[in-house]
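Taking this note's numbering, the leading residue of the sequence shown gets 1, the next gets one more, and so forth.
Be aware that a few hints might be false.
No farther apart than 27 Å at their CA atoms in a straight line, the calculated lysine-lysine pairs in the BS3-like style are these [claimed, not checked]:
hint, residue 1, residue 2
1, Lys121, Lys148
2, Lys78, Lys121
3, Lys255, Lys78
4, Lys78, Lys105
5, Lys105, Lys121
6, Lys105, Lys255
7, Lys148, Lys78
Ranges between beta-carbon positions, derived for each pair [claimed, not checked]:
hint, residue 1, residue 2, range
8, Asp156, Lys370, 16 to 22 Å
9, Phe143, Asp168, 53 to 59 Å
10, Lys255, Ser64, 22 to 28 Å
11, Asp168, Arg324, 39 to 45 Å
12, Ser64, Asp168, 34 to 40 Å
13, Phe143, Asn301, 42 to 48 Å
14, Ile373, Ser8, 31 to 37 Å
15, Glu285, Lys105, 31 to 37 Å
16, Gly167, Lys370, 51 to 57 Å
17, Thr264, Arg77, 37 to 43 Å
18, Lys148, Gln28, 19 to 25 Å
19, Lys105, Asp156, 36 to 42 Å
20, Ile364, Gly262, 45 to 51 Å
21, Ser45, Leu9, 19 to 25 Å
Just so you know, the hints here were simulated from the structure itself, not pulled from any lab data. Because the structure is a prediction, the values reported are computed rather than measured. Every residue gets a Cβ at the ideal spot worked out from N, C-alpha and C, and that includes glycine.
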Amino acid sequence: MELFDVYSLFDVTPTRAEGCRVWDDSGQEYLDLYGGHAVISVGHSHPRYVEALTEQLSRIGFYSNSVRNPLQEILARKIGELSGLEDYSLFLDNSGAESNENALKLASFATGRDRVVAFEKSFHGRTSGAVAVTDNPRIVSPFNSCHKVSFCPLGDLEAAERELSRGDVTAVIIEGIQGVGGIRVPSEAFLQGLRELTSRYGAMLILDEVQSGYGRTGRFFAHQWAGITPDIITMAKGMGNGFPVGGVLISPNIKPWKGMLGTTFGGNYLAMAAAIAVADIIRDEHLVENAARVGEHIMRNIPQSPLIREVRGKGLMIGIEFSRPAMDIRQTLLKEKHIFTGAAGSDIIRLLPPLVLAENDADIFLSSLKELI
């Protein structure tokens, strides 16, 4: 049997990792500025994280959500404290796509409506509802296209209001910062305008913070730069530092009923041990503040060049847009400088490093990029 060949792979086989470093099967060391696609938040193999998972596995690794799991309650309290959203409720699942599916379902239950407004260049996942609100026809199958979705240009409040004024919109879903779409940052005024419009027209505002949340942008959630409070917030990636954990934060105006949502693996003991360790490390090591500081250092010191068209982002979620395709630069960074980076389209290098990234490691990337361009 062979693997289903759907991934474009770099010719690297990691076998060990620590902090912001990864080693391959030949012993070559790499600087990781991609974090496994924004998943590694507190660094690879953090001792407290490893200890928490190991200790939990020695006691109980899994039981279903048919019993009380106090670790879920502990995590809910910690997220409330870190985010400042202590009056929200937490539903636990396994991934960003699942979180967005549950968010869309919650909004539809709450409003009784069935149409969603999303934004051009958005990415919300690959499951049925999540991919339907993703602006990429190449990965939306005919089965997924049965959902009622309207796409508006990012930043266009008038277009959003035209859709909302029809009276059948259950939710507006937007990323705190568009990741796959090219590290495109919605303005604070735009997010504030969406909050006002959704409230006026009786729709839910869903903030997809799967990639942009959990401290990555220098605030716990990216939308908090705009000072708004969404109805529903989705998260995953950095929650578990590599262990699959997802979640939905739900405002008090949405009331649950038994059986409204469900999951087999969501909130399991190992996932909770991982997520609690991550939350504690983020708090104790001041990683939200570190992301803000080191991210600003990177953006301020990106070398000037005609090849670089624009630098966008917040904290440690950074996009460097080039005036030509950037794959050769990424390949050279990997093969010659031994630095992992990501992409967002052909001409954008995407940086999503662990939140423990230090300025001296950021300088290794900056000097390497300057040399290449």
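List in ascending order the numbers of the hints, as given earlier, that are violated by the structure. 2, 7, 8, 9, 14, 17, 18 and 19
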